[in-house]
Amino acid sequence: MSFHVLFLVSIVAGFIGAMSGMGGGVILIPVLTFLGMDIKHAIAVSIVSVIATSSGSASAYVRDRITNLKVGMFLEMFTIVGALAGAAITLISGRRVLFILFGVVLLSSWVALFRQRNEGWRQTSHQDIFSRWLELEGSYYDRAVRQTIVYQGTRAYLGGPLMFGAGVIAGLLGIGAGALKVLIHDLVMGLPPKVSTTTSNLIIGVTALAGTSVYLAAGMIDPGLAAPVILGVVLGAFMGTRLLVRLTNQTVQRFFLGVLLVLGVEMLLRGIWGV
Amino acid sequence: MQVSTHPPEKAQSGHHFDMEGLLGYILLTGVLLSVALLAIGFVWRWVRVGNLRFEHSIVGMNFFEFILSTLRQMASQASRPRLFLNMGIGVLMLTPFVRVLASVFYFAFVEHNWKYTLFTGFVLSVLTYSLFLR
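Line order of the protein sequences matches chains A and B.
Counted the way our numbering counts, the first sequence spans residues 11 to 285.
Counted the way our numbering counts, the second sequence spans residues 130 to 263.
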């Protein structure tokens, strides 16, 4: 595949990924495989680019003090082990299985996002002993409402193991699995949406590194393929973030739900029919 | 959720050390340096041979061997465009690793928080192990 094709596809993937908040991998892998790249190589190339996009956006969020470092550090223990396991599974899995899994994950994310449209964040009234011991509380200044929001994370005993699962999916499919991580932060651990998204970004970089190391060891990271993808995804994400502030949430969400549905069905059918 | 109108800067921590700032700059520097190295590699290749096609793979070595081998080649001979590509990928992979390393030092020596020193130490150990895989 030529530099130009890889670069352009990656710009589009990074652009849509940044606007939707799900990262470029969910767009990149279906498109690269559609253009003829082997799914395992597409996964390996994608997961390297995930390090770039997540680290880039995490750098801004961390400096804004919205990210909860302790929540991130605690949950990373689970996601990196999961990512190592997930990447190892990919190496021995059949290609059709990977297509089907990818389709299932995309469609599950679609369902989660679709349901989330009408649901607001529910605060937790009680922090369990384990979460208190882990010091999972914090505060951040919300510029939109001009207030400091104080919150307490809870059910860390459940969040940890679930994040292992999110790590497995990230390593297995070469994606950030940000939607899943945000869901766990939001619905299980009771973190405010902005803290969920920004902390998830911090975790994704380390998780992707663990997965990348397995693919590197397997000789699947081809610098000639990975480099244009990294450059394209970073550029696309930069442009997507700039445009995001000009669009309404509803427009972005409606557009992304459509893309997610088409790609999910396409990957699932390709897996079932054995393309 | 509670809300207050307290100043944002003082809300999270009483320490004077700006950990969030440091981690943010580590991540930003890593990504920018990586992108710059990759871009130099491609521009150099274009100027030298007129195309952007690279055909080399990383086989039979772990991450640290890959970095050392790239550095050794850069030091021993005229730097080639493909070495810049390798370094760009290497720097990108090192970025979250350095972030975790800085976190271990912060929790151990600034916050003196043994729990989180242990947690970040575990993450660092697993990452180090994974980067030694071959």
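No lab work stands behind these hints: they were computed from the structure.
On a predicted model such as this, the values are computed, not experimentally measured, just so you know.
All residues carry an ideal CB built from backbone N, CA and C; glycine is no exception.
Just so you know, not all the hints are guaranteed correct.
As the list claims (entries may be wrong) - Below, computed lysine-lysine pairings styled on DSBU-like, alpha-carbon distance capped at 30 Å:
hint : chain 1 : residue 1 : chain 2 : residue 2
1    : B       : K244      : A       : K50
2    : A       : K204      : A       : K80
3    : B       : K244      : A       : K204
To be verified - Derived CB-CB ranges, DEER-like:
hint : chain 1 : residue 1 : chain 2 : residue 2 : range
4    : B       : G179      : A       : D48       : 23 to 33 Å
5    : A       : P171      : B       : V227      : 39 to 49 Å
6    : B       : S205      : A       : I139      : 28 to 38 Å
7    : B       : F193      : A       : P171      : 25 to 35 Å
8    : A       : E145      : B       : S205      : 25 to 35 Å
9    : A       : W283      : B       : F193      : 38 to 48 Å
10   : B       : L200      : A       : R125      : 15 to 25 Å
11   : B       : F193      : A       : F44       : 16 to 26 Å
12   : A       : P171      : B       : A204      : 23 to 33 Å
Taking the hints in turn, this is what the structure says about them:
1. B:K244 - A:K50: This hinted pair is violated, its Cα atoms lying about 38 Å apart.
2. A:K204 - A:K80: holds, 15 Å
3. B:K244 - A:K204: holds, 25 Å
4. B:G179 - A:D48: 23 to 33 Å: With Cβ atoms ~28 Å apart, the hint holds.
5. A:P171 - B:V227: 39 to 49 Å: violated, 28 Å
6. B:S205 - A:I139: 28 to 38 Å: Cβ of B:S205 to Cβ of A:I139: about 58 Å, so the range 28 to 38 Å is violated.
7. B:F193 - A:P171: 25 to 35 Å: Given range 25 to 35 Å: holds, Cβ gap about 31 Å.
8. A:E145 - B:S205: 25 to 35 Å: violated, 49 Å
9. A:W283 - B:F193: 38 to 48 Å: Holds, since A:W283 and B:F193 (Cβ atoms, about 42 Å apart) stay within the stated range.
10. B:L200 - A:R125: 15 to 25 Å: violated, 50 Å
11. B:F193 - A:F44: 16 to 26 Å: violated, 36 Å
12. A:P171 - B:A204: 23 to 33 Å: violated, 46 Å
Hint compliance for this structure: hints 1, 5, 6, 8, 10, 11, 12 are not met, and every other hint is.
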